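Make a model of the complete structure from these sequences and hints.
One line per chain: the protein sequences are E and X, in this order. When we follow full-length UniProt numbering, the leftmost residue of the first sequence carries the number 1, and every step to the right adds one. When we follow full-length UniProt numbering, the leftmost residue of the second sequence carries the number 1, and every step to the right adds one.
Any given hint could be a false lead.
Said to hold, decoys possible - The list that follows gives simulated cross-link-like pairs (lysine-lysine, DSS-like), each with its CA atoms no further than 30 Å apart:
| no. | chain 1 | residue 1 | chain 2 | residue 2 |
| --- | --- | --- | --- | --- |
| 1 | E | 137 | E | 81 |
| 2 | X | 320 | X | 280 |
| 3 | X | 280 | E | 326 |
| 4 | X | 240 | X | 82 |
| 5 | X | 320 | X | 82 |
| 6 | X | 58 | X | 320 |
| 7 | E | 326 | X | 58 |
| 8 | E | 73 | E | 137 |
| 9 | E | 326 | X | 320 |
| 10 | E | 326 | X | 54 |
| 11 | E | 424 | E | 408 |
| 12 | E | 77 | E | 137 |
Stated by the list, open to error - Part of the chain E face toward chain X, derived, beta carbon under 8 Å:
| no. | residue |
| --- | --- |
| 13 | 2 |
| 14 | 3 |
| 15 | 4 |
| 16 | 7 |
| 17 | 114 |
| 18 | 270 |
| 19 | 271 |
| 20 | 272 |
| 21 | 273 |
| 22 | 274 |
| 23 | 278 |
| 24 | 326 |
| 25 | 327 |
| 26 | 423 |
| 27 | 443 |
| 28 | 444 |
Said to hold, decoys possible - Partner residues aside, some chain X positions facing chain E, computed with beta carbon under 7 Å:
| no. | residue |
| --- | --- |
| 29 | 34 |
| 30 | 52 |
| 31 | 55 |
| 32 | 60 |
Calculated from the structure, these hints are not laboratory results. Computed from a predicted structure; not experimentally measured. The beta-carbon is built from N, C-alpha and C at its ideal position, and this holds for glycine as well.
Given next are the chains, with one letter for each unit.
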Amino acid sequence: MGFLEYAPAPESTSLVSFRNEYGLYIDGEWTAGGGTPFQSINPATEAVLATVAEADAADVDRAVAAARRAYEKVWSKTSGKDRGKYLFRIARLVQERARELAVAEVLDNGKPIKEARDVDVPLVAAWFFHYAGWADKLDYAGLGPNPRALGVAGQVIPWNFPLLMLAWKLAPALAAGNTVVLKPAETTPLTALLFVEILEQAGLPAGVVNIITGAGATGAALVAHPDVDKVAFTGSTAVGRGIARAIAGTEKRVTLELGGKAANIVFDDAPLDEAVNGIVNGIFFNQGQVCCAGSRLLVQESIHDEVVERLQRRLSTLRVGDPMDKNTDVGAINSKVQLERVTRMVEVGESEGASRWSAPCDLPENGFWFAPTIFTDVQASHRIAREEIFGPVLSVLTFRTPDEAVAKANNTPYGLSAGIWSDKGSRILELANRLRAGVIWANTFNRFDPASPFGGYRESGYGREGGRPGLTSYLQAAPAAVPAVQAAKPVTSRKGAAK
Amino acid sequence: MTGTSIEAPHERALALLGGQPDDATLRRYLHGLPGVDAVGLEARAADLGTRSIKTTSKAWALDTIVKLIDLTTLEGADTPGKVRSLTAKALAPDPGDRQTPRTAAVCVYGDMVGIAVESLGAAHGDPDDGLVAVAAVATAFPSGRASLEIKLADTRDAVAAGADEIDMVIDRGAFLSGRYGQVFDEIVAVKDACRRADGTSASLKVILETGELMSYDNVRRASWLSILAGGDFIKTSTGKVAPAATLPVTLLMLEVVRDWHTATGGRIGVKPAGGIRTSKDAIKYLVTVAETVGEDWLQPHLFRFGASSLLNDVLLQRQKLRTGHYSGPDYVTID
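Right under this line is the structure:
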């Protein structure tokens with residue numbers, strides 16, 4: 001056995017104990033669901049982790065009613081300073097229970113422990129800390145003095161970053177003074193349900209956060225509920241379209257965080273070794289199940305062969321397997337359905353004439369696995385260059401000039417993220433202005449920070465999460481009504497008072 | 001170490017450079033290398049540092065670290081007694097465990113080479129055969145501020161006294177002011193001074209003193225320059241300047257060595273030196289070597305640690321693996 005086949009270094013799973021069954025968390029209590037309970041499994045072993053209740057329309061109704069009550073009776077009367085205290089408490093509890101949360105996320109999602117431990121959970125804490133700081137400073141959100149919360153937010157989150165997406169949704173909503181009904185994805189509900197313990201430890205008043213589980217029908221009932229004021233969704237473009245249709249013509253505010261087919265553009269003057277690492281991080285991070293993944297590599301033709309060679313060498317050192325092993329780089333695909341979709345898209349790529357290369361690795365027998373894969377000879381007209389695969393599959397295309405790079409990068413119905421690799425700062429700045437994507441990374445990829453807004457163009461959705469824009473997505477300006485006693489005063493003095 | 005002819009790498013260098021190694025040609029070549037993104041490099045090094053090396057892998061790693069150490073004493077206060085103590089430690093690092101491998105070499109100042117050779121006795125030889133080599137710092141170490149004649153005399157003196165390996169310093173002043181040709185010529189000349197009468201040659205380690213080069217781009221350029229000029233090893237630091245060896249710098253130098261191997265098939269050694277004091281840190285270096293150039297490089301003629309206090313920490317960790325409990329500093333020798 002060579003040194004590189006590092007001896008197993010598994011993280012202990014004894015830190016986490018899931019219950020056998022979970023109900024719905026409504027108004028501070030666990031209650032039974034009206035639908036058919038379903039199971040959540042470990043995608044790396046296919047072992048059943050827990051049985052989870054399904055919320056039907058009546059349950060959704062109860063949850064929204066609880067959130068409305070909590071909004072009117074408690075949360076809208078809680079000062080920003082006090083809301084901040086709860087959020088700081090939650091952030092600290094996330095840090096205290098970081099290992100447990102990371103292990104739970106790995107069990108339910110299949111991502112490697114290294115990522116859950118070093119990326120997901122620290123970012124969850126960072127998001128709560130960031131918005132905790134905002135809670136008593138809403139006057140500076142850019143909406144004028146005394147902005148108001150929207151009311152009840154219905155939030156539906158995906159399975160790729162279950163706990164992180166929960167934080168992206170809950171933290172700004174609560175900081176802004178909204179109450180929440182949140183539905184985690186049906187394949188990864190467990191960390192959200194575990195998170196209830198943290199909400200209770202933090203002493204958050206009952207009904208401020210309600211967590212209901214279920215599949216598409218539950219989510220649809222939630223976003224369509226007439227008493228929901230704000231809809232926040234992260235997931236596929238197809239479902240996002242359905243939501244946009246469902247709420248069209250209503251007063252509801254909405255943010256949609258949808259799919260992507262990001263271009264990662266590598267120029268011939270790029271720092272090559274770092275670019276190769278960035279490409280790997282861009283598409284193989286979280287098994288490529290990332291909406292902003294750099295799934296289209298646009299590489300300058302003159303360095304194409306060298307970059308592909310370096311990529312293949314680097315991918316050969318990636319460890320695919322047991323996500324609980326601290327040395328694993330690539331874990332399991334989240335579900336059988338997703339694995340089938342990735343497999344199908346790769347078959348399409350091969351039949352379209354692109355050349356496939358997959359990293360040599362032994363895949364475990366049980367569970368859902370896919371070896372890191374690169375397609376070269378990909379043409380712009382191929383489906384694998386157009387459609388989101390949402391798996392560890394990279395399509396490599398080439399360009400000759402910066403103009404061609406921009407044209408190809410923008411030639412997609414999506415527009416969530418893009419990457420530029422070049423040693424030349426002026427080129428990076430110029431290109432960043434011309435790329436139609438919500439997030440543009442320069443000489444890096446897949447970096448997230450709570451202070452940085454995140455969101456897309458066109459079929460990647462609308463609205464921004466993170467930073468100040470992420471806060472204003474949950475706020476409205478104070479009504480413009482002027483009290484009678486002040487009505488006679490000149491307008492300028494009122495403006496001055498606002499500052 | 002057995003000799004390699006000097007002409008071969010030199011001719012290869014000229015072919016790669018496409019001209020004579022003057023300042024202009026070297027500048028064109030070295031400044032045409034891909035840049036280094038500092039944030040990305042450091043992130044990659046940090047990532048490699050999170051590998052979790054346990055049980056059998058850890059046991060192998062600890063023994064390998066011992067086999068790769070150049071056990072070093074480079075002090076003004078060095079005496080024959082100190083050097084004898086060091087060689088004894090190199091030969092039998094842990095008196096309580098005769099299975100402990102020997103270190104690769106002892107590294108001393110030039111005037112101590114004779115003492116080191118004498119006290120190693122029959123155990124003096126090639127570390128790839130389980131023997132212990134003698135490495136000497138030369139060329140007006142650590143500053144390198146002397147005339148070329150002095151540097152060459154310093155080198156010849158150490159080789160004549162029996163040094164197997166010469167650790168030279170580059171002229172950082174010349175490098176930073178763009179006189180690449182001068183740095184190149186000096187390395188070529190020192191390499192020539194490493195020759196012995198019998199036609200063999202001492203192995204040449206070229207110290208870049210990365211702590212004085214100020215940027216990763218410069219480290220990459222100095223690495224290429226040293227390899228082009230015929231260095232057998234590239235070494236991070238003298239240990240006299242902070243920062244000495246760091247994981248990102250070593251990773252960068254390993255990337256150059258990997259690219260050189262891809263381009264020419266030649267194998268160049270890497271030696272991080274200074275500041276590596278714990279087993280935990282040293283294991284990160286092993287991981288970085290294995291995942292960058294491949295584990296073939298974890299042999300004494302291709303990778304070394306320049307260290308002194310590291311050895312005792314490795315011995316304590318070995319004892320812990322063997323007995324299951326930690327002992328303490330009194331269970332390893334102070335030399």
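Straight-line alpha-carbon gap residue 280 of chain X to residue 326 of chain E, limit 30 Å: holds (16 Å)
Satisfaction of the residue 55 of chain X interface hint, Cβ to chain E closer than 7 Å: holds (5 Å)
Hint check: 8 Å Cβ-Cβ cutoff, residue 274 of chain E to chain X: holds (3 Å)
Pair hint residue 137 of chain E and residue 81 of chain E, alpha-carbon separation not exceeding 30 Å: holds (9 Å)
Residue 34 of chain X as an interface hint toward chain E, with CB separation required under 7 Å: holds (4 Å)
Interface hint for residue 4 of chain E, Cβ within 8 Å of any Cβ on chain X: holds (5 Å)
Interface hint for residue 2 of chain E, Cβ within 8 Å of any Cβ on chain X: holds (6 Å)
Interface hint outcome for residue 3 of chain E [beta carbon to chain X under 8 Å]: holds (5 Å)
Pairwise hint evaluation, residue 280 of chain X against residue 320 of chain X, where the allowed Cα distance is 30 Å at most: Cα-Cα ~14 Å, so holds.
Restraint outcome when residue 7 of chain E is required to lie within 8 Å of chain X by C-beta distance: holds (4 Å)
Pairwise hint evaluation, residue 58 of chain X against residue 326 of chain E, where the allowed Cα distance is 30 Å at most: Holds. Residue 326 of chain E to residue 58 of chain X sits at ~14 Å (cutoff 30 Å).
Hinted contact residue 272 of chain E with chain X - closest CB pair below 8 Å: holds (4 Å)
Figure legend: structure checked against the earlier numbered hints; every hint is met.
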